[in-house]
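Q: Chains A and B, in that order, are what the protein sequence lines are.
Number 26 in my numbering belongs to position 26 of the first sequence; there are no gaps in the numbering.
Number 115 in my numbering belongs to position 115 of the second sequence; there are no gaps in the numbering.
These are calculated hints, taken from the structure and not from any lab test.
Misleading hints may appear alongside valid ones.
What the hints assert, rightly or not - Heads up, simulated DSBU-like pairs for lysine-lysine below, C-alpha to C-alpha not over 35 Å straight-line:
hint	chain 1	residue 1	chain 2	residue 2
1	B	K9	A	K57
2	B	K83	A	K57
3	A	K98	B	K57
4	A	K98	B	K70
5	A	K57	B	K57
6	B	K71	B	K14
7	B	K9	A	K98
8	A	K57	A	K17
9	A	K98	B	K71
10	B	K83	A	K98
11	A	K57	A	K71
12	A	K98	B	K14
13	A	K71	A	K17
14	A	K71	B	K57
15	B	K101	A	K98
16	A	K71	B	K101
From a predicted model like this one, the values you see are computed outputs, not experimental measurements.
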Amino acid sequence: KNQVEQSPQSLIILEGKNCTLQCNYTVSPFSNLRWYKQDTGRGPVSLTIMTFSENTKSNGRYTATLDADTKQSSLHITASQLSDSASYICVVSAHDYKLSFGAGTTVTVRA
Amino acid sequence: DGGITQSPKYLFRKEGQNVTLSCEQNLNHDAMYWYRQDPGQGLRLIYYSQIVNDFQKGDIAEGYSVSREKKESFPLTVTSAQKNPTAFYLCASSIALAGPKNYEQYFGPGTRLTVT
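Produce the complete structure using the sequences and hints provided.
A: The following block contains the structure:
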């Protein structure tokens, strides 16, 4: 069964600090990996999409990494802001219609 | 929320009633999806549609029905057969099926359905 596991489940950081979220997956065959940001009560918004051949991708203060050999990805948030408080979802797709979603990591940024 | 609208934002229904959730997109996308989100779980696919007049069951289609009569519209009906209908429902669209390609999947703002 294709699975996506995210850690930690939640974390609290101080404004201006960095943090890293983890995503491990068992989806096979792998096609691409996506990171989404979801504000409370809203729909997810895409941050990055990475294919097998990409091992890092940035979107502003967000940097995603991918190690397709170990089936691990991380999302690094640099110089966190209050607006970064949200749930971050890792999504992995195989070579079919289906996307496998992780349960998300809830990030709370405190002033 | 990128050109996808869902209405209403909050919906309350009594047990045993069918209810229809609206999803409209003006992105000219062929593919549309319905997901369900429950606390502590990843999004689960209910139904998806690759093109007008075609739709396929996802992982948790039981108790739900959809139609795709127009490209821009993909309404979801939650029937009385759905055992645990209270959830946050998300509609999404992409230019074509997002799985095997790097197509961006755009989500609507969601509808929170509460059934008592």
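Q: Does each hint fit the structure? Answer for all of them.
A: Hints, one by one, checked against the model:
no. : hint                : result
1   : K9(B) with K57(A)   : holds (33 Å)
2   : K83(B) with K57(A)  : violated (41 Å)
3   : K98(A) with K57(B)  : holds (11 Å)
4   : K98(A) with K70(B)  : holds (23 Å)
5   : K57(A) with K57(B)  : holds (33 Å)
6   : K71(B) with K14(B)  : holds (31 Å)
7   : K9(B) with K98(A)   : holds (26 Å)
8   : K57(A) with K17(A)  : holds (20 Å)
9   : K98(A) with K71(B)  : holds (21 Å)
10  : K83(B) with K98(A)  : holds (24 Å)
11  : K57(A) with K71(A)  : holds (16 Å)
12  : K98(A) with K14(B)  : holds (32 Å)
13  : K71(A) with K17(A)  : holds (27 Å)
14  : K71(A) with K57(B)  : holds (28 Å)
15  : K101(B) with K98(A) : holds (11 Å)
16  : K71(A) with K101(B) : holds (19 Å)
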